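Number of protein chains: 2
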Amino acid sequence: MTTVITLDEGLRARKKRETRHALHRAAIELLHEGDFCDVTIEAIAARAGVSPRTFFNYFPAKEAALSGTDPDMVARAREFMLARPATEDTVTAVRGATLERLRELVVDAELWQMRRAVSQRHPEFAAGLVGANALAEKAIAQAACERLGADPLTDVTPMATAYAALGAIRAALQQHVSAGFAGSIEERIDAALAAVGLWPRP
Amino acid sequence: MTTVITLDEGLRARKKRETRHALHRAAIELLHEGDFCDVTIEAIAARAGVSPRTFFNYFPAKEAALSGTDPDMVARAREFMLARPATEDTVTAVRGATLERLRELVVDAELWQMRRAVSQRHPEFAAGLVGANALAEKAIAQAACERLGADPLTDVTPMATAYAALGAIRAALQQHVSAGFAGSIEERIDAALAAVGLWPRP
Chain A
342 MTTVITLDEG
352 LRARKKRETR
362 HALHRAAIEL
372 LHEGDFCDVT
382 IEAIAARAGV
392 SPRTFFNYFP
402 AKEAALSGTD
412 PDMVARAREF
422 MLARPATEDT
432 VTAVRGATLE
442 RLRELVVDAE
452 LWQMRRAVSQ
462 RHPEFAAGLV
472 GANALAEKAI
482 AQAACERLGA
492 DPLTDVTPMA
502 TAYAALGAIR
512 AALQQHVSAG
522 FAGSIEERID
532 AALAAVGLWP
542 RP
Chain B
342 MTTVITLDEG
352 LRARKKRETR
362 HALHRAAIEL
372 LHEGDFCDVT
382 IEAIAARAGV
392 SPRTFFNYFP
402 AKEAALSGTD
412 PDMVARAREF
422 MLARPATEDT
432 VTAVRGATLE
442 RLRELVVDAE
452 LWQMRRAVSQ
462 RHPEFAAGLV
472 GANALAEKAI
482 AQAACERLGA
492 DPLTDVTPMA
502 TAYAALGAIR
512 AALQQHVSAG
522 FAGSIEERID
532 AALAAVGLWP
542 RP
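So the protein lines, in turn, are chains A and B. Going by this note's numbering, the letters in the first sequence line up with residues 342 to 543, in that order. Going by this note's numbering, the letters in the second sequence line up with residues 342 to 543, in that order.
Worth double-checking, as some hints may not be accurate.
Same chains, same label: a pair holds when it works inside one copy or across any pair of copies.
[What the hints assert, rightly or not] Below, a list of computed lysine to any residue pairs in the SDA-like style, where the Cα atoms sit at most 25 Å apart: (1) 357 <-> 444; (2) 356 <-> 419; (3) 356 <-> 464; (4) 357 <-> 463; (5) 357 <-> 461.
Everything labelled a hint here was simulated from the structure, so no lab data went into it. Predicted, not measured: the structure shown is a model, and the values here were computed from it.
One chain only, chain A, in its complex shape (with noise of 0.2 Å):
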């Protein structure tokens, strides 16, 4: 019993993940091949196949459908860090989480070029769109502050160590997406984390 309902829950958070995915998507579609009046709420819940009150469960305004702004993401982001074992030091916990994250990612990589090509074409629309990625790494680097009960104000380390390996890893996932996704992205980071040397761990 409790493993169907852990497999309904399962489902039910792939497809919320799914559905979401498509709106974030339609937006970048519509940008991509019009300009922002014609990315209306109306448009990008019809393309993505579900009611304008749909969209509202995903998305307070158009804006953060474009940029793909998800707070259960970045909560989501938050909560595998401090789901990390005690024992792991910020460095190991920061790769563990993140190869979590990007497990629950949809993989899209013509998704991931159109986002750059609008990036270009709207630099309006440039800071949104890298800016999601930034929102998951500050709830990242204050959980990392949190799970030690240090003091942001007094001890930079922990905030600054995951920001350091969160930026070795954002290199690695550039380098992924110029890769046009071939290789393995894990050991991509593993390599970007060696080559500032925060990895292996003692």
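Since the structure of chain A is already known, use the hints to place chain B on it.
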């Protein structure tokens, strides 16, 4: 004669930065006080004391004024990085370029606090608000690769190092804001870089 021209350029550049800052601040104030519909280009321009026509010399749209995304500042971040001596390693260059950038920023503690409040009250704009900085970081990381003539597809080290250093610096800047801008920002940056083993350089 050359001196006079340089002085004029300096004054004009400073005036431009101040006007851009006033427009960005006006946009944040309007969203802080009301909702997104109140943030019109006319209202932003009026509050900043310029014409709507002048607005478009600084930002392509109200979204950009809100996030503060300044294509010039992104280009400027790149220039600062490319202007570093070829003898400097990536971390030293990123640190130097950041200190140059900070020297140009109009420090406005109240604006930082308002931006934080706006992010919390309007999650749909949070990505844009943190994204402006992410764009500058991206430009610096790409320039780090460029100045070494490295191919980012095969050599992850320059970008990983730049992003890691920028990550530690971000932690230092967030600490500085939380501390109400008290103390030396340069000392905070060096402490954060040291905390992740990136400073001082051998």
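Here is how each hint holds up against the structure:
no. : hint        : result
1   : 357 <-> 444 : within (15 Å within a copy, 46 Å between copies)
2   : 356 <-> 419 : within (21 Å within a copy, 41 Å between copies)
3   : 356 <-> 464 : between (32 Å within a copy, 23 Å between copies)
4   : 357 <-> 463 : between (29 Å within a copy, 22 Å between copies)
5   : 357 <-> 461 : between (30 Å within a copy, 24 Å between copies)
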